[in-house]
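Q: The chain contents come next:
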Amino acid sequence: MRYLVYAVAGFRRYATYRQATLAAVFTNCVFGFLRSALLLAVAGASAGAVAGYDEQQLATFVWVGQGLIGVVSLWSPPELADRIRSGDVVADLLRPIDLVWQLLAMDLGRATFALMTRLVGPIVVGALAFDLFAPRRFSTYPLFACSLLLATVICFGCRYLVNAAAYWLLDARGPQIAWTLCNGVLGGLYFPLWFLPSGAALLIVVATPFPSIIQLPLDILVERGSPEQQVVLLSVQAVWAIVMLAVCREVQRRGERRLVLQGG
Amino acid sequence: MTVIEARALRKEFVVRVKAGVLRRESRVIAAVDGIDLTVSRGDMLGYIGPNGAGKSTTLKMLTGVLYPSSGVVRVCGFEPVPQRQALARRIGVVFGHRSQLWWDLPLRDSFALLRHIYAVPAADHAARLSRCRKLLDLDPFLDTPVRQLSLGQRMRGELTAALLHGPEVLFLDEPTIGLDLVSKQAVRSFLAGIGDAGDTTLVLTTHDLADIERLCRRLVVIDRGRIVHDGSLDELHARYGSRRRVVVDLDAPLVTPLALPDVSVESIEADGRRITYALEGGRTTAGELVRRLAELASIRDISVLEPAIEDVVARLYADRDRHGAGA
Ligand SMILES: Nc1ncnc2c1ncn2[C@@H]1O[C@H](COP(=O)(O)OP(=O)(O)OP(=O)(O)O)[C@@H](O)[C@H]1O
Ligand SMILES: [Mg+2]
Numbered sequence: 114m115r116y117l118v119y120a121v122a123g124f125r126r127y128a129t130y131r132q133a134t135l136a137a138v139f140t141n142c143v144f145g146f147l148r149s150a151l152l153l154a155v156a157g158a159s160a161g162a163v164a165g166y167d168e169q170q171l172a173t174f175v176w177v178g179q180g181l182i183g184v185v186s187l188w189s190p191p192e193l194a195d196r197i198r199s200g201d202v203v204a205d206l207l208r209p210i211d212l213v214w215q216l217l218a219m220d221l222g223r224a225t226f227a228l229m230t231r232l233v234g235p236i237v238v239g240a241l242a243f244d245l246f247a248p249r250r251f252s253t254y255p256l257f258a259c260s261l262l263l264a265t266v267i268c269f270g271c272r273y274l275v276n277a278a279a280y281w282l283l284d285a286r287g288p289q290i291a292w293t294l295c296n297g298v299l300g301g302l303y304f305p306l307w308f309l310p311s312g313a314a315l316l317i318v319v320a321t322p323f324p325s326i327i328q329l330p331l332d333i334l335v336e337r338g339s340p341e342q343q344v345v346l347l348s349v350q351a352v353w354a355i356v357m358l359a360v361c362r363e364v365q366r367r368g369e370r371r372l373v374l375q376g377g
Numbered sequence: 086m087t088v089i090e091a092r093a094l095r096k097e098f099v100v101r102v103k104a105g106v107l108r109r110e111s112r113v114i115a116a117v118d119g120i121d122l123t124v125s126r127g128d129m130l131g132y133i134g135p136n137g138a139g140k141s142t143t144l145k146m147l148t149g150v151l152y153p154s155s156g157v158v159r160v161c162g163f164e165p166v167p168q169r170q171a172l173a174r175r176i177g178v179v180f181g182h183r184s185q186l187w188w189d190l191p192l193r194d195s196f197a198l199l200r201h202i203y204a205v206p207a208a209d210h211a212a213r214l215s216r217c218r219k220l221l222d223l224d225p226f227l228d229t230p231v232r233q234l235s236l237g238q239r240m241r242g243e244l245t246a247a248l249l250h251g252p253e254v255l256f257l258d259e260p261t262i263g264l265d266l267v268s269k270q271a272v273r274s275f276l277a278g279i280g281d282a283g284d285t286t287l288v289l290t291t292h293d294l295a296d297i298e299r300l301c302r303r304l305v306v307i308d309r310g311r312i313v314h315d316g317s318l319d320e321l322h323a324r325y326g327s328r329r330r331v332v333v334d335l336d337a338p339l340v341t342p343l344a345l346p347d348v349s350v351e352s353i354e355a356d357g358r359r360i361t362y363a364l365e366g367g368r369t370t371a372g373e374l375v376r377r378l379a380e381l382a383s384i385r386d387i388s389v390l391e392p393a394i395e396d397v398v399a400r401l402y403a404d405r406d407r408h409g410a411g412a
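Residue numbers (our numbering), protein chains in the order written: chain A, 114 to 377; chain F, 86 to 412.
Since the hints were made in silico from the structure, they are not lab data. A hint or two may mislead.
Said to hold, decoys possible - Below, a list of computed lysine to any residue pairs in the SDA-like style, where the Cα atoms sit at most 20 Å apart: (1) F:K103 <-> A:L282; (2) F:K103 <-> A:W307; (3) F:K219 <-> F:A271; (4) F:K269 <-> F:A393; (5) F:K269 <-> F:L221; (6) F:K219 <-> F:G278.
Chain F extracted, bound-state conformation (with noise of 0.2 Å):
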């Protein structure tokens, strides 16, 4: 079933520029350029793309805070910005960088509040606050005024506060930005604990790749406000030839250097004893480099690196740089 449909969605924005003293030009830019995006329930997805790319202004126009320039979007059935109430109810939205808390009030308050607003059910709230308090460990900070909450208290507070009322779409704008090491770890696995359960879909923006890798079954990669690459991680990564390496500590360095095909020398360090080959394509397996290799030398130590998703999407964004700007 589909929750998310967009068609050709694409937002402007004039920008005034000054053209000498007086004279001011107006400028339009295009920050999000023709998406075609179809989301099905259960679903979840990894949002990623450079700083400026246009992630925020898409979850804008999904959730219904932006109106967009042109296009069709359709969310649980719903336009989003004229519809935009009885949206509300069935879609949870986190902006990482913007809190949506009552400032003054502590998170009890808050999420008592959220309960009249979205006329959810005592059992039911009750229920799904009892399980955030614990696996999101809210209740050291439970009565503390959200103004006095640290970052990564204040996320898990945002993060409860946009389940309360049970959506059937999750937007995540950067969740994990600023947090700490335990705390993302925290927040990822709360929402692997969400995505599991299956019927809650996932839409997530991070430059975070780690939050990927854990949650993300499929990845959406923009730039410049167009889909470059819509699939699953491995086939980024054979589209964009991650590399797999193989790393070998020698007694000697080589004498003859080994040449296999699709295989490289990506470094060579200490005095030649320490190789990092790359293998890319698939005519030479690890098994047999080392096979070879063994033939040549005397091996002390291996290891195997699979490859990162960072440097893929390192390698996307160079590829759009070496393309420059008219591209």
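This is chain A alone, in the form it adopts within the complex (with noise of 0.2 Å):
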């Protein structure tokens, strides 16, 4: 109840920067174009498919995709970090709740405008300007609604984790320019990770968390594989989901201890 306040906080603050919500899709929508003219040039060098994707799954990875950007919000600011430097989370730490799931419901908030804002925005655009691949099983619209949760939450964690390390570093730039590159080459954004030899994109599917943020979503929403497959994927997503938000916590926990306040 306490933190569905946040939820709710997280949304209207959002719904307030209509301008900065439209400028994000018009710019999600631009590199959609370059992306997708890009990857359909690879598939159409190697007779209209690349690793498992026809033309009209790879169109849908890219224009989910680029929707799939403002959902988990990939790039947002450091704001956490900001706080943490400046001595201001200290009226979030006098508060009766804990930090990570008040940010989480924040961001959760954010998200859901974000799903009718940004995600919806790049899908139409693409459906209007290529030929987008429909699921043809129902079960893979829940599945990738589940999947779309997962993954904005352990897109949050890996943000909170960023900005948490300004608890130990004063300057949090490090992690933060680590992270974007891990996210776009790991992730899926720059190219399927599918595009690599099986073994090593497996590896990375399984043991970092980049993956469950862009690339199992949209290959659950393409239906790559069968739905027990769909299925694996997704709980590969919720393994990481869990292991992320209890390594968030753990790291809040000794961050509070280390803590140096700045500032009389």
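Mind docking these for me? Both chains are given alone in their own frames, and the hints should help you get the complex.
A: Set out below in structure tokens:
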């Protein structure tokens, strides 16, 4: 109940930034055109399919992926790190709440708003300009919905950890850069991971949280593999979500002991 | 009943200082250097000391946002940092130079959010809020976003926010900083009202000694992380030899100076027609001074000045400067 208040606050906060939302959707679409041109050229050169994706699936991978960036909020500014550094985090710590749950609730509120704007925008534009893949099995829809939720939680966890580095390091720019690089290369954003040798791709999927944010939800949506395989991908995400939240809470607990509150 | 207990409480900060072109040296400074403090329910405690004495650092440790380097702390029976959430329900905190309200929200919305966060029953919330609205005169700016409030308005909002969940202990770090006289008065009389009710414990840090005189029955003076005085205001005056002053205006300058035990001349003005005597110790009373003086000269006017807390504290701080950094 207490955390619902924060979720509503997160939703409302982003709902007031209309122009920023519009600008973000526009940018996502511009890059959608670039990325789909590139990937479809690759597919065209190899007889219409590459790494098990046909052209419809690839176009969907790109356009829904561009919307997913906004839902999971891949590139949000390091707000928490700034608050830790300035000492403003004290306002949160003086409340009877767990900071990780509070931030997660706010992030889910934000994601709900993004679902209605940032995800829908690129899908509509992509569907107008390209031939997108529509799931053949009804079960894909609920699976994708769960997958989206888990992806948002995992991405939140990654961002939280990058920010929480500020408890120890005064400067969290290093982790921030590493995170941006990892989610782009290992997450499936720059290219579908299955373009890599399958052993390497599998290792990355299981051993790192990054593919669970972009790659796996999209694989579930474009029905790569059987329904059983979709469930396996979802389970990988679920495990990562639990692991990330557990790590986040432990990091927060230790961070609170480390915190050197700056400012008189 | 004890609500705050600190034993040998200590906080060290590691600061890195430049020691050459590339080399950096780590130095450890003890911001709080072994504090023992017991505060009972209903106490109104003034926690004062010069800049950098360690007041804010102590308050951060007591409120659970800063982990002590060593020592023991209990507030309302909780260990502040590990039991931060449970403690947060029982205490209210205002850091004067740092806002805890939501920047973009009007006070009214902030208060509504706080009700949910602390899970305060609606009736209690409404009663406390209407009391604050009346006493702190919040109504004119209740619907203004916090970022548009003046400092004094915001501070009244902060105080209300700190009180809405009915805390047992109120920690205030310079709540009157930067306020004009009217706002200061409003905040002081509001806090005095809380103190009179008797069940809320107050720990107040300030550089405005009028706050202390008005509000605090007990005074803890801290310097360089250590407590140098703990007692009532009167005890402080007694210990640091606060002096009452007698100012007399005479028709003509004195011919022979007055010599009485425990009386010294502090200043002579207006060509010797205005003399300020300081009374220290108890061997001569103000009445006796005046009587003896009347034998020597004709007195036009007399006033007696009670010791000002500023003077005591100024002497206390000056004392430390004289003893230097090694003390
Ligand atoms: N985050 C920090 N890192 C290093 N040193 C610090 C830090 N915070 C405080 N200090 C040092 O600890 C000492 C006590 O600081 P503190 O803020 O508690 O003083 P204060 O009594 O509140 O002073 P003021 O009246 O100026 O508010 C100071 O010497 C300060 O320089
Ligand atoms: Mg301070």
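Q: For each hint, tell me whether it holds in the structure or not.
A: Hint-by-hint comparison with the structure:
1. With a CA separation close to 18 Å, the supplied pair K103 (chain F) and L282 (chain A) stays within the 20 Å bound.
2. Of the pairs offered as hints, the one joining K103 (chain F) and W307 (chain A) is violated, with about 51 Å between alpha carbons and a cut-off of 20 Å exceeded.
3. For the hint linking K219 (chain F) to A271 (chain F), the alpha-carbon distance of about 11 Å falls within 20 Å, and the restraint holds.
4. For the given pair, K269 (chain F) sits about 19 Å from A393 (chain F) by alpha-carbon distance, which is consistent with the 20 Å threshold.
5. Under the criterion of a C-alpha separation no larger than 20 Å, the hint pairing K269 (chain F) with L221 (chain F) is consistent with the structure, at around 11 Å.
6. At most 20 Å may separate the alpha-carbon atoms for a hinted pair to count; K219 (chain F) and G278 (chain F) meet this at roughly 13 Å.
Checked against the numbered hints listed earlier, the structure breaks hint 2 alone; every other hint is satisfied.
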